[in-house]
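Asks: Chain by chain, the residues:
Protein chains: 2
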Amino acid sequence: MPPAGRPRTFNREEALQRAMLLFWKNGYEGTTMADLVAAIGMKAPSVYAAFGNKDALFKEAVELYTSRVEQGPLNALEQSDSIGQALENSFANSVNMMSSPEISSCLIMAGAINCAPEHQEHVQHLRSLRVVYKETLRNRFLRAKNDGELIEDADPEALAEFYFSFIHGLALRAKDGSTKAELESSCKFALQALALVLRQSQPR
Amino acid sequence: MPPAGRPRTFNREEALQRAMLLFWKNGYEGTTMADLVAAIGMKAPSVYAAFGNKDALFKEAVELYTSRVEQGPLNALEQSDSIGQALENSFANSVNMMSSPEISSCLIMAGAINCAPEHQEHVQHLRSLRVVYKETLRNRFLRAKNDGELIEDADPEALAEFYFSFIHGLALRAKDGSTKAELESSCKFALQALALVLRQSQPR
DNA sequence: GCAATTATGTAACATGGATTACATTATTTG
DNA sequence: CAAATAATGTAATCCATGTTACATAATTGC
Chain P
1191 MPPAGRPRTF
1201 NREEALQRAM
1211 LLFWKNGYEG
1221 TTMADLVAAI
1231 GMKAPSVYAA
1241 FGNKDALFKE
1251 AVELYTSRVE
1261 QGPLNALEQS
1271 DSIGQALENS
1281 FANSVNMMSS
1291 PEISSCLIMA
1301 GAINCAPEHQ
1311 EHVQHLRSLR
1321 VVYKETLRNR
1331 FLRAKNDGEL
1341 IEDADPEALA
1351 EFYFSFIHGL
1361 ALRAKDGSTK
1371 AELESSCKFA
1381 LQALALVLRQ
1391 SQPR
Chain G
1191 MPPAGRPRTF
1201 NREEALQRAM
1211 LLFWKNGYEG
1221 TTMADLVAAI
1231 GMKAPSVYAA
1241 FGNKDALFKE
1251 AVELYTSRVE
1261 QGPLNALEQS
1271 DSIGQALENS
1281 FANSVNMMSS
1291 PEISSCLIMA
1301 GAINCAPEHQ
1311 EHVQHLRSLR
1321 VVYKETLRNR
1331 FLRAKNDGEL
1341 IEDADPEALA
1351 EFYFSFIHGL
1361 ALRAKDGSTK
1371 AELESSCKFA
1381 LQALALVLRQ
1391 SQPR
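Note that the protein sequences, when read in sequence, are chains P and G. The first sequence begins at 1191 in this note's numbering and counts up by one. The second sequence begins at 1191 in this note's numbering and counts up by one.
Just to be clear, a hint being listed does not mean it is correct.
Copies of the same chain look alike in the list, so a pair counts if it works inside one copy or between any two.
[Said to hold, decoys possible] For lysine-lysine, the following BS3-like pairs were computed, each having C-alpha atoms within a straight-line distance of at most 27 Å:
#1 1249 / 1324
#2 1370 / 1215
#3 1370 / 1335
#4 1233 / 1244
#5 1324 / 1335
#6 1233 / 1215
#7 1249 / 1215
#8 1324 / 1233
#9 1324 / 1378
These are computed hints drawn from the structure, not numbers from a lab. In this text the structure is predicted, and so the values were computed from the model without any measurement.
Construct all of the structure, not just a fragment, from the sequences and the given hints.
Replies: This is the structure:
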């Protein structure tokens, strides 16, 4: 039984998806409510009625992004038993999502950098999501160490920080126009470097 | 002979330096003219008279930043004959400049990401400066290959892209709160990875 | 059909932030 | 001292952008 009142003439999910794509492409500050309203194809009051305000819409968009896009690299990290495979899959996943021609980069990694005072809500929000990725990476390296995949000297925290820096940089390179091939060759080298801390790796 | 007219009551260079520090800390969009005017300690018309407008002031601030701050890592890249030393010095230099407690990160690398439409002038400007860094890195690797420092298989372009991604990421990690120690241990690993492509390196 | 409810479109309002008009003040030159 | 020149402070103006008031339209339940 639909609720009383005039029914919506647009699809909320579809509208959210369009908003997400815009935010992905241009970030929070680079996307105006006018842009969003136009992309959704309705007038401002309808969008406000459906989503609240810009902050709330952004939050929902980021949730959609997280579940649809960011989850890929995150899951890949955990699904393989070998740390090498895990990273390789995660990177491949990241590069793919960063390489859509019109959109490019990563909403979370490349979002709201140096754009607004630190205390603004969306800045904190994105940062906390970056922390999630970092923690996932960190836990994966701790597990690898535990599993005996890494040499004694290997420092999982440092490795996580290194690979996270690299991934973070990839997102910016994508934003700055690096091709998929360039991103991929970067990743290839980053993965080769893992040999330096793998226990069973055979030096060439 | 000073020009006719009332003399300025503030030091232009000092004002520019303060503006640069603000832009460094908060980026172009995160810094308002009101902030700048307050930091300089004058009223808006005086600042406009001295610097033109926000864009022009930003441009001058970035020039100051480039010559005073960014030049360090760039010079370090070229001043050493060994690619390993060159990178090590450049990274150390970068980490130092990114680690000032109150300021942190890099004006050029972390500036104007996903904050404003691509076509805005300051966005293009920062991007072009990033290209300079990338090109310097690329040329340094080409030279290393030429000098016989690298193995046959080494791809200087890919190496440049990788290390630039990493440096780019470092800037964001710094912005996101990584400690100097974390940045340093990341760099250490990144430099160890160079062994994979160094001709004379002895595998362990 | 009528009341209640919710969406829509038009047209505003509110705010923050870049920029400037104008009168005034301080300095050099003649 | 007068004229010219340039800086200063006050107080606006302009504009983009987020947000909402209000009248109207479409739907449900009685």
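Asks: Are the hints correct? Go through all of them and say.
Replies: Structure-based check of all given hints:
1. 1249 / 1324: Intra 20 Å, inter 34 Å, cutoff 27 Å: intra-copy only.
2. 1370 / 1215: within (17 Å within a copy, 31 Å between copies)
3. 1370 / 1335: The answer is between: 24 Å across copies meets 27 Å, while 31 Å in one copy does not.
4. 1233 / 1244: within (14 Å within a copy, 33 Å between copies)
5. 1324 / 1335: Intra 17 Å, inter 34 Å, cutoff 27 Å: intra-copy only.
6. 1233 / 1215: within (22 Å within a copy, 37 Å between copies)
7. 1249 / 1215: both (15 Å within a copy, 26 Å between copies)
8. 1324 / 1233: neither (39 Å within a copy, 44 Å between copies)
9. 1324 / 1378: This pair counts as both: shortest intra-copy Cα distance 20 Å, inter-copy 19 Å.
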